[in-house]
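Student: Next come the chains, spelled out residue by residue.
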Amino acid sequence: MQTSAMSWSEYWGVIADPRVVASYRVTLLSALAASVFNGLFGLLLAWVLVRYEFPGKRLLDALVDLPFALPTAVAGITLATLYAENGQIGSLLAQIGIKVAYSPVGIVVAMVFTSIPFVVRTVQPVLEELSHDEEEAGMTLGASDRAVFWRIILPSLWPALVVGTALSFTRSLGEFGAVIFIAGNMPYISEITSLMIFVKLQEFDFAGASAIASVVLMTSLLLLLLINLWQARYLRRIRGR
Amino acid sequence: MSIRLTNISKKFGQFQALSPLNLDIEEGEMIGLLGPSGSGKTTLLRIIAGLEGADSGQLHFGDRDVTQIHVRERRVGFVFQNYALFRHMTVAENVAFGLQVMPRKQRPSAAEIKQRVTHLLETVQLAHLAQRYPEQLSGGQKQRIALARALATQPEVLLLDEPFGALDAKVRKELRRWLRTLHDELKFTSVFVTHDQDEALELSDRVVVMSNGHIEQINTPAELYAQPNSRFVFDFLGNVNVFNANWQQPRWQNDAAFLVPPEQPELQQSGAIYVRSHELELADKPNSQACLPFDIVAITPIGAEVRLELAPRGWHSDELWEARFTHQRLKQLGLEKGSQVFATPQTGYFFGAEGDGAPIRLNWPFLPPGSLVFDI
Chain A
1 MQTSAMSWSE
11 YWGVIADPRV
21 VASYRVTLLS
31 ALAASVFNGL
41 FGLLLAWVLV
51 RYEFPGKRLL
61 DALVDLPFAL
71 PTAVAGITLA
81 TLYAENGQIG
91 SLLAQIGIKV
101 AYSPVGIVVA
111 MVFTSIPFVV
121 RTVQPVLEEL
131 SHDEEEAGMT
141 LGASDRAVFW
151 RIILPSLWPA
161 LVVGTALSFT
171 RSLGEFGAVI
181 FIAGNMPYIS
191 EITSLMIFVK
201 LQEFDFAGAS
211 AIASVVLMTS
221 LLLLLLINLW
231 QARYLRRIRG
241 R
Chain B
1 MSIRLTNISK
11 KFGQFQALSP
21 LNLDIEEGEM
31 IGLLGPSGSG
41 KTTLLRIIAG
51 LEGADSGQLH
61 FGDRDVTQIH
71 VRERRVGFVF
81 QNYALFRHMT
91 VAENVAFGLQ
101 VMPRKQRPSA
111 AEIKQRVTHL
121 LETVQLAHLA
131 QRYPEQLSGG
141 QKQRIALARA
151 LATQPEVLLL
161 DEPFGALDAK
171 VRKELRRWLR
181 TLHDELKFTS
191 VFVTHDQDEA
201 LELSDRVVVM
211 SNGHIEQINT
221 PAELYAQPNS
231 RFVFDFLGNV
241 NVFNANWQQP
251 RWQNDAAFLV
261 PPEQPELQQS
271 GAIYVRSHEL
281 ELADKPNSQA
291 CLPFDIVAIT
301 PIGAEVRLEL
311 APRGWHSDEL
321 WEARFTHQRL
331 KQLGLEKGSQ
341 VFATPQTGYF
351 FGAEGDGAPI
361 RLNWPFLPPG
371 SLVFDI
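These protein sequences, in sequence, are chains A and B.
Note that the first sequence ends on residue 241 in this note's numbering; no numbers are left out.
Note that the second sequence ends on residue 376 in this note's numbering; no numbers are left out.
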């Protein structure tokens, strides 16, 4: 609404501001890194939860939902404390020269934490339903364990994995609370787009804030649309019509 | 390839799925494992395939001891109950799978694989569906694709788990015939699991009847039918009537009903007489050797036959009796629902009260030839 009062050139001026563009870059790259990591790690976690029996399995299963339940600001502060140079994890990483908190890496860590449930919870049910018979059929046909995984299991999980990773990506694009506490928020280096919106709001530049928000909104919508189209096409191909 | 099972047993936790058992399957034979659910037939099939390990015993394919050999090296074709086709692959890709995952050295060239897939799809008469996905196929088509996929690597042993269980009657019948033809052409050794006695009797060279993890009887379908060796096999082969007999010199009595056995000492005891539904004659009077009074409670035409449901009159049976006649014979007898009749068994199988051994077969009249049988 605020945005519609702006002219195109004003709009462009706000969304193409170099500092804002830098924030797009940081946000996109961090979200990409986080979702790729989540794609792999989430698959692993879902696999372990479905295929193995071990003590504490139920607890781990419940913990997966923790990022959803925890207020993101709490998560951000906790992560920042853990990964700070004097924090429990940060101090260990500092010894080998890795700085996580107050750097772009911190942004990725926060995004990974807040969006991993998307991957686990989309892949898990599909993996549970995946019939053992198909794997056994593969084995009776002489396939090695690797062939069974790459050619039978992974293709069956693929749609769920892609959707889960994409959800995790869009969630990361919009993440605010968890990230700002750990990012350090240095202009051009570790400022995310959500923060730019927040900054504009604090300056009472509502039009500017909503202009940037509209970019985030459209990107996320476009992504979700593309994912849905892809999924529909994939299913149509397999089911015919 | 022949298959020899020696002393094979299997436990799942506390449950004895298979008691130690032996089974010899000859090369090129088609064996049906028949039994109710929980009888261990599927476990046995999975052990032969290597999908399940036996707790004890040895398994030989020909002269090769395959007890410790992994399923992927056993080179068996396995057709799963729900087909287990790979959903994300086309029909052609499904069939090609076994060839494509062969070690590089043995793997045929791409062109050769393509040719073999085409040939297999022609064998199962589904070449026109090569580019479809499994979800677009009917049950019968899926079944044939599953078979083509299993045969792609040219296994010498083909194992099928309830191959026709999920199909409707007509398709099932067609596929049965077709599988038998294919088996006779390609000469592999087949073992299939079924709970359908018609299927087992129609398809198999020999039937293995199983219950509670052990083998009840192994025999050709004809022999199995003529000489079931236990009550279980009898019950399982179906359509049988049971006369619970109390020995009261000189005949078997059950309240108002009685049968007179031939004069053999081993028959002069209480027990049960099993009579098949098509081995029963009906008359309007009892005779001196058999008095089994019934009321006809239902007459149902089933194809070429008519099934009569008979309720015992003046004596007790756990279940209604059943008799089968041709339409013509029924017309001659002039029977209708509600008629009172007396039955005479043509053939009976006597099981003594104790033990569960083989029955004594009795042919009517139970008296020695030349004896006088008269209506009362």
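Among the clues, some could well be false.
[What the hints assert, rightly or not] So the derived label-pair ranges between C-beta atoms look like this:
#1 K11(B) to S220(A): 52 to 58 angstroms
#2 E135(B) to L40(A): 27 to 33 angstroms
#3 L40(A) to Q115(B): 38 to 44 angstroms
#4 R329(B) to E128(A): 54 to 60 angstroms
[What the hints assert, rightly or not] Per the computed footprint, the stretches of chain B lying under chain A, defined by three or more beta-carbons under 8 angstroms from a beta-carbon of chain A, are:
#5 90-101
#6 133-139
#7 148-155
[Stated by the list, open to error] Derived, one-sided and incomplete: chain B residues facing chain A with beta-carbon distance under 10 angstroms:
#8 R46
#9 I69
#10 R72
#11 R75
#12 V76
#13 F80
#14 Y83
#15 A84
#16 E162
#17 R231
#18 F232
#19 F258
#20 R329
#21 L330
In case anyone wonders, no lab produced these hints; they're calculated from the structure.
Positions of the beta carbon are idealized from the N, C-alpha and C atoms, including for glycine.
Student: If a hint holds in the structure, say so; if it doesn't, say that too.
Tutor: Outcome of the hint check:
| no. | hint | in the structure |
| --- | --- | --- |
| 1 | K11(B) to S220(A): 52 to 58 angstroms | holds, 55 angstroms |
| 2 | E135(B) to L40(A): 27 to 33 angstroms | holds, 29 angstroms |
| 3 | L40(A) to Q115(B): 38 to 44 angstroms | holds, 39 angstroms |
| 4 | R329(B) to E128(A): 54 to 60 angstroms | holds, 58 angstroms |
| 5 | 90-101 | holds (count 3) |
| 6 | 133-139 | holds (count 3) |
| 7 | 148-155 | holds (count 4) |
| 8 | R46 | holds, 9 angstroms |
| 9 | I69 | violated, 12 angstroms |
| 10 | R72 | holds, 5 angstroms |
| 11 | R75 | holds, 7 angstroms |
| 12 | V76 | holds, 6 angstroms |
| 13 | F80 | holds, 5 angstroms |
| 14 | Y83 | holds, 8 angstroms |
| 15 | A84 | holds, 4 angstroms |
| 16 | E162 | violated, 12 angstroms |
| 17 | R231 | violated, 35 angstroms |
| 18 | F232 | violated, 30 angstroms |
| 19 | F258 | violated, 55 angstroms |
| 20 | R329 | violated, 48 angstroms |
| 21 | L330 | violated, 48 angstroms |
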